[in-house]
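Engineer: Chains as they are written, first to last, in my numbering: chain G, 1 to 471; chain U, 472 to 942.
Since the hints were derived computationally from the structure, they do not count as laboratory data.
It is possible that some hints are incorrect.
[Unchecked claim] Listed below are several chain U residues computed to face chain G (Cβ distance under 10 Å; list not exhaustive): (1) A497; (2) A551; (3) K563; (4) S566; (5) I573; (6) A575; (7) G639; (8) N641; (9) D642; (10) F676; (11) I685; (12) P688.
Even for Gly, the Cβ is constructed at its ideal location relative to N, Cα and C.
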Amino acid sequence: MVFADLIFLFIFLPVNLLLYYQTDNRRFRNMILIAFSMFFYAWGEPIWVALLIFSATIDYIHGLIIERHRGQLQAKLAVVSSLVLNLGILAIFKYTPFLCENLNAIFGLNLPIPRIALPIGISFYTFQTISYTVDAYRGKVEIQHSFWDFLMYVSLYFQLVAGPIVRYADVSEEISNRKENIADISNGMTRFCIGLSKKVLVANTAGKIAAPYLAQDAALTVAGAWFGILLYALQIFYDFSGYSDMAIGLGQMFGFHFLENFNYPYIAKSATDFWRRWHMSLGSFFRDYLYIPLGGSRIHPYRNLLIVWFATGLWHGASWNFILWGLYFGFFIALEKLAKKALPQQVIAAIPAAVKHIYLLLLALFGWVLFCFTDLSRAVYVMRTMLGLSSVSLYDVGVAIDVSNNLFWLLAALLFCMPVWRVLYLQYERFCEQYCAGYDVVTPLLNVMILLFCTASLVGQSYNPFLYYRF
Amino acid sequence: MRASHSASDERGSINAHLNCAVVAVALTVVGIASVLYIKPTFSAIEKRELTKFPVFSYQALMSEQYTQGLSDYFADTFLAREYLVSLSGSLKQWSGVAFDEIRAHTQTAPIGQGGNAAQGNTIPPLDNNSNEAAPPASSEAPPAAQEEEAVRNGAIYVYKGRGFQAFGGNDAVGKRYTDAINRYADAIGDTVRIHSLVVPSPIGFGMPQKYQDITTPELPKIQQLYSDLRPEVNAVNVYDAFERHKDEYIFFGTDHHWTALGAYYAYVEFCNSLGLVPVDIRQLEKKTLYNFLGTLYAQTQDASMLANPDHVDYYTMPGNITVTQYRIGEPFTPYKTSLYGEYARPINSYSVFLHGDLPLTVIDTQQKNGRRIVLVKESYGNAFAPFLVNNFEQVLVVDERYLEVGLLDIIRQYQATDLLFINNIFSCYSPYHINKIQTIMNQVYVPPPPPEEEEETQQPVDTAQSIYMFE
Numbered sequence: 001m002v003f004a005d006l007i008f009l010f011i012f013l014p015v016n017l018l019l020y021y022q023t024d025n026r027r028f029r030n031m032i033l034i035a036f037s038m039f040f041y042a043w044g045e046p047i048w049v050a051l052l053i054f055s056a057t058i059d060y061i062h063g064l065i066i067e068r069h070r071g072q073l074q075a076k077l078a079v080v081s082s083l084v085l086n087l088g089i090l091a092i093f094k095y096t097p098f099l100c101e102n103l104n105a106i107f108g109l110n111l112p113i114p115r116i117a118l119p120i121g122i123s124f125y126t127f128q129t130i131s132y133t134v135d136a137y138r139g140k141v142e143i144q145h146s147f148w149d150f151l152m153y154v155s156l157y158f159q160l161v162a163g164p165i166v167r168y169a170d171v172s173e174e175i176s177n178r179k180e181n182i183a184d185i186s187n188g189m190t191r192f193c194i195g196l197s198k199k200v201l202v203a204n205t206a207g208k209i210a211a212p213y214l215a216q217d218a219a220l221t222v223a224g225a226w227f228g229i230l231l232y233a234l235q236i237f238y239d240f241s242g243y244s245d246m247a248i249g250l251g252q253m254f255g256f257h258f259l260e261n262f263n264y265p266y267i268a269k270s271a272t273d274f275w276r277r278w279h280m281s282l283g284s285f286f287r288d289y290l291y292i293p294l295g296g297s298r299i300h301p302y303r304n305l306l307i308v309w310f311a312t313g314l315w316h317g318a319s320w321n322f323i324l325w326g327l328y329f330g331f332f333i334a335l336e337k338l339a340k341k342a343l344p345q346q347v348i349a350a351i352p353a354a355v356k357h358i359y360l361l362l363l364a365l366f367g368w369v370l371f372c373f374t375d376l377s378r379a380v381y382v383m384r385t386m387l388g389l390s391s392v393s394l395y396d397v398g399v400a401i402d403v404s405n406n407l408f409w410l411l412a413a414l415l416f417c418m419p420v421w422r423v424l425y426l427q428y429e430r431f432c433e434q435y436c437a438g439y440d441v442v443t444p445l446l447n448v449m450i451l452l453f454c455t456a457s458l459v460g461q462s463y464n465p466f467l468y469y470r471f
Numbered sequence: 472m473r474a475s476h477s478a479s480d481e482r483g484s485i486n487a488h489l490n491c492a493v494v495a496v497a498l499t500v501v502g503i504a505s506v507l508y509i510k511p512t513f514s515a516i517e518k519r520e521l522t523k524f525p526v527f528s529y530q531a532l533m534s535e536q537y538t539q540g541l542s543d544y545f546a547d548t549f550l551a552r553e554y555l556v557s558l559s560g561s562l563k564q565w566s567g568v569a570f571d572e573i574r575a576h577t578q579t580a581p582i583g584q585g586g587n588a589a590q591g592n593t594i595p596p597l598d599n600n601s602n603e604a605a606p607p608a609s610s611e612a613p614p615a616a617q618e619e620e621a622v623r624n625g626a627i628y629v630y631k632g633r634g635f636q637a638f639g640g641n642d643a644v645g646k647r648y649t650d651a652i653n654r655y656a657d658a659i660g661d662t663v664r665i666h667s668l669v670v671p672s673p674i675g676f677g678m679p680q681k682y683q684d685i686t687t688p689e690l691p692k693i694q695q696l697y698s699d700l701r702p703e704v705n706a707v708n709v710y711d712a713f714e715r716h717k718d719e720y721i722f723f724g725t726d727h728h729w730t731a732l733g734a735y736y737a738y739v740e741f742c743n744s745l746g747l748v749p750v751d752i753r754q755l756e757k758k759t760l761y762n763f764l765g766t767l768y769a770q771t772q773d774a775s776m777l778a779n780p781d782h783v784d785y786y787t788m789p790g791n792i793t794v795t796q797y798r799i800g801e802p803f804t805p806y807k808t809s810l811y812g813e814y815a816r817p818i819n820s821y822s823v824f825l826h827g828d829l830p831l832t833v834i835d836t837q838q839k840n841g842r843r844i845v846l847v848k849e850s851y852g853n854a855f856a857p858f859l860v861n862n863f864e865q866v867l868v869v870d871e872r873y874l875e876v877g878l879l880d881i882i883r884q885y886q887a888t889d890l891l892f893i894n895n896i897f898s899c900y901s902p903y904h905i906n907k908i909q910t911i912m913n914q915v916y917v918p919p920p921p922p923e924e925e926e927e928t929q930q931p932v933d934t935a936q937s938i939y940m941f942e
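Turn these sequences into a full structure, and let the hints steer you where they fit.
Structural biologist: So, in structure tokens, the structure goes:
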């Protein structure tokens, strides 16, 4: 199931909330969440529920082994075994066809390319369970003795299919001791509605407008190439951050407090800054479980960057364009690191902020070209077109029509990439204090309006692809 | 101070309760209502059966078909669906401005992996049940490198209340169209005179010059098609005639078809190419169906079209004419009928011509000249066929999409002297139509297994006219 689905909104979620709040019993509540999570997952992947449970079981048992043999070789072996199993599952389901293709290409072999369906969310939940076992080994979390509680952590549908990657350490307390309260539920609902509107009203629309510009065989103009990739940048940001908002909001409705996953990435001033703001749970995962164990910035920092950014790219998909995309960012992050070392602090500080912003935005947009097209020759063609190096016209009237037909939408979408919401909300709170005796009537109205508009859009369109499924 | 603090806490709690209550009630009430209310089965505005409740089976469940079916069913039969669809149309209109009254309704195509642009079919069907949906692009689309598509093949542009589809045919596909016709020339060209008439789309005639680069010029494409035909095939050029008459009502504004007048001018060109004397349209009695909002309106729901409805003129032919039709699934059961389905309702008014698209229509006329013509067509042929009764003893109208018996058999059986292919330019570049033209040549009728439900009894006149079967 996906969140932006009418059955989810109007049946699954209300029923889930209703049953959940029937009792105060923690065990019952957790069981409800497991049952609904299993149902949610089975909706799209009936077979792969088994894999999810298998993955949870492995790490649950490994956790117990680590506890029993703390400080001994067995504990170390348990971590290694967990890593091998989790990454093995990921490799088999996600990377086997890619591996076969490349082996065939490099060695002239003729391996059959297996057709393996990618179980939804596998990239997210294998990382979550890895975080548990590694942190258990490091003594950073207490071992979970209840299989059901552990299964709930792994299967929790809020973040199961589209992240964020919620580390066990961040929610371990709340698995058994969370305190649901009305303020959280209310904030969660609002957060969910905001996320839903980002997905349905912005990302889906962006995808629709962008489609003809991003089609593999589209004849482009320079303006068309820029416009298409700008829309793609909006789509992917609103899509993914919308899903993260919905996950965080759902968590709040049920008493969980997940960490933020996005922090206005497009206002970043450097590639390094961008990755501190974009898909933060992934960046910090690779930092804590790969970069730092490799030696971080102390030992072979550039080798480590290479490995981390290769892995980051590969995580996004089993295709060379994603790997290149990762390495592309790795390259610029390394460059920024070098520049920081080589140049005096004052020189970097003297660069106007606007220049830094433009640098990052261009970097991000060209990055999305790599990300968008699995066919590299097409990606190169689009980049050349954007730079005016391919012999096409500068502009076509279709772009002008699309821009004007979607002008208000486009301006709003660009505006809300910046932290205007915070400013607006502060203003609104002040307004409430002053004129409404502190009572807030606009939020519920806004939420209902969002639900109405999103429902209309969902009913009105069959087009509802979820971009992050492939990861 | 403390008192005011607790007062603000209380207000916060009231705000939270209010927000939760409003959102929860909205979700629950709509949820309950959408389950309990009596679901519609047909959408008049979209001219199609709505998705049915999926049939449960173990296989369907495990392959996600069942749950996908449930989601589609729920969305397709949602409470107040038509209101919500129109609201979503309004949202689209509020997204921007239409300078110069031009508005794009972009079609969707898979991102980054080749559009479905090579097909004449445009919007993919909402449900997967539509058995007439075009085959997936991957199996049919030629390699992207061969020929670039126009950016927006199939996209609908509404200019001053009239809809136009942008064209972007792929030359490799067009070549397959002429190959298909040449195959008939090779098979029977020595005994039957073969003609090909490609109908250009309205965009080249009705859209101002300044917007022409949203589409691909069609005249060179048609010239290319005609030059690829065997020399013995009579290629009928109607482009120049349309250019001369472009200010007349030769195409609808809210529907993708031509009018009877447009078909008449094509008929005149056809007669001229054969040295036949065309009937004078001024001598014919004209009847009219008013308030016609056709396929382009149904797809875009564009308000400016609503203000400019079409009307359908049709012309009564002189003399005694007997019409026999054969329906889908009953290729050997004749039904006596008439030239025009005068009962055709406004939304479906184009099916006044020949009662819509039936596999085979046999028209016996009063002419005694030994000329018998087989017209192979998609729905464009329907408005054209009636004029032929003035020049041929027998007119056989074959719908290339629905014919269930062999076309060569029919030509032999009726001793046809002429074979005319009429397709609009989108169909000539649509693998779906080309495949049909190829397969009907020598096919043998295979009766379908008896239907399990009594669903098939409906006349194909309305239901076969799904807007998604774009020709």
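Engineer: Please go over all the hints and tell whether each is borne out by the structure.
Structural biologist: Here is what the structure says about each hint:
1. A497: 5 Å, holds
2. A551: This interface hint holds because 9 Å falls under the 10 Å limit.
3. K563: 8 Å, holds
4. S566: Holds, about 4 Å.
5. I573: 6 Å, holds
6. A575: 5 Å, holds
7. G639: Hint holds; G639 of chain U Cβ to chain G Cβ min 8 Å, cut 10 Å.
8. N641: 8 Å, holds
9. D642: D642 of chain U check fails; min Cβ-Cβ to chain G is 12 Å, beyond 10 Å.
10. F676: 18 Å, violated
11. I685: 5 Å, holds
12. P688: Violated, about 13 Å.
Comparing the model with each earlier hint shows violations of hints 9, 10, 12; every other hint is respected.
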